[in-house]
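Per my numbering, the sequence shown starts with residue 11, numbered consecutively.
Derived from the structure by calculation, the hints contain no laboratory data.
Every residue, glycine too, gets a C-beta built ideally from N, C-alpha and C.
Treat each hint with caution, since some may be false.
Said to hold, decoys possible - Each computed DSS-like pair below joins lysine-lysine, with the alpha-carbon atoms no more than 30 Å apart:
no., residue 1, residue 2
1, LYS383, LYS362
2, LYS332, LYS322
3, LYS89, LYS322
4, LYS383, LYS92
5, LYS50, LYS81
To be verified - So the derived label-pair ranges between C-beta atoms look like this:
no., residue 1, residue 2, range
6, LYS27, ILE110, 38 to 44 Å
7, LYS314, ASP375, 20 to 26 Å
8, ILE250, ILE398, 27 to 33 Å
9, ILE205, LYS27, 26 to 32 Å
10, PRO253, LYS214, 19 to 25 Å
11, ILE398, LYS230, 21 to 27 Å
12, LYS230, ASN148, 26 to 32 Å
13, ASP375, ILE398, 23 to 29 Å
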Amino acid sequence: MEDVKLKVYLKKYINTKKTILGVGPMSINCINASNNISSKYKVPIFLICSRRQIDSELHGGGYVNNWTTEKLNTYLKKKKNKYLILSRDHGGPWQNNLEIKKNYNIKDAMKSAKKSFEADILNDFKVIHIDPSLNIDNKNNLKRVTENIFELYEYCYEFAQKRKKKIIFEIGTEEQTGYSDNFLELENLVKNILIKLHKANLPKPMFMVAQTGTKVIENKNIGSLDFPDKRIIKELPAEITLPKISKMFEKYGIFIKQHNTDYLTNETLKWLPRLGIHAVNVAPEFGYIESLEYSKILKHYKLKKHLDIFYKIAYESNKWKKWVENVYSTVEFKALLCGHYIYSDESFVESKKHVKFFLKKKGIDLNIFLQRKIENSILNYLKQLNNIN
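Could you build the full structure based on these sequences and the hints that come with them?
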């Protein structure tokens, strides 16, 4: 898709009552699965890269295949697939572990974030999500977040203009409350941002993140969208609030992006296009699926040694702490929740080589097997979200 036509294409696509899927690049198998499905069905998929997953060479890359922004772009260029749309997810200060480890202040973290965005724009990332909401120095408030959104927005736009690159903006925060946004507060925020952008002669964002009642914990979605009984006092049902929010966004020429869509029921997913949700993000679920299927095939062929290696490395990474609600969950469950973080670990890579060699003798290509499992999940999302029949 030519840059100049992408925005028009996406608008037309969304206006046919389809909800676009954003897939987190949890692994190279997940990236390949996204590429295969989007190419085969000629359906747009956003590949939503967080800075921890993929970042510039200057920032040391990310945990996904140890890839940098530059390496990912080189890899995908060879695929020649116009339907897989490179996107930055949660770009902003302190969204990369390097900036936290080095104890950057807000000024240095903003400089670093700008360098990361530069690499995105130069390497054909089409959708740029600006999120300066991380509160590492405990000084964030609505005023500072709004000012930082504007500063990064203006910087990215001007940088792209100078390099003759076309980009689409998404704005919104990382917070997942599990409840729907307050309508009046949200409209005031939208108005204030648009006024500021208009005064600076900057284009509107195409997408804005709204809290729609989703929240991911472990391998489930516990937000009020799937569980109406979890609504807070005076929170209206999603079938009332979401169309209202959607119409308000459309009035201002913006589309809603829903984050944390993982693990929602098919029934809920089917409703999203009807409720006016224009795009959604799904990420940790695909990582969990790959880890689960990897563990299943190891169990099936009684490869206990390699299963133990996987569980040990994943568990000892402590990455499960981000996702686990019940600290008394089993080591196995914790390992499955965070397994995707350690796929590039040297010891795991060595262990997986032996597993691949063993399975090859059984006529099984391990990576193709895992890709197919992820593809099946992506296909289900595309069906429920009205992208394919």
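Which numbered hints fail: Number 3 only.
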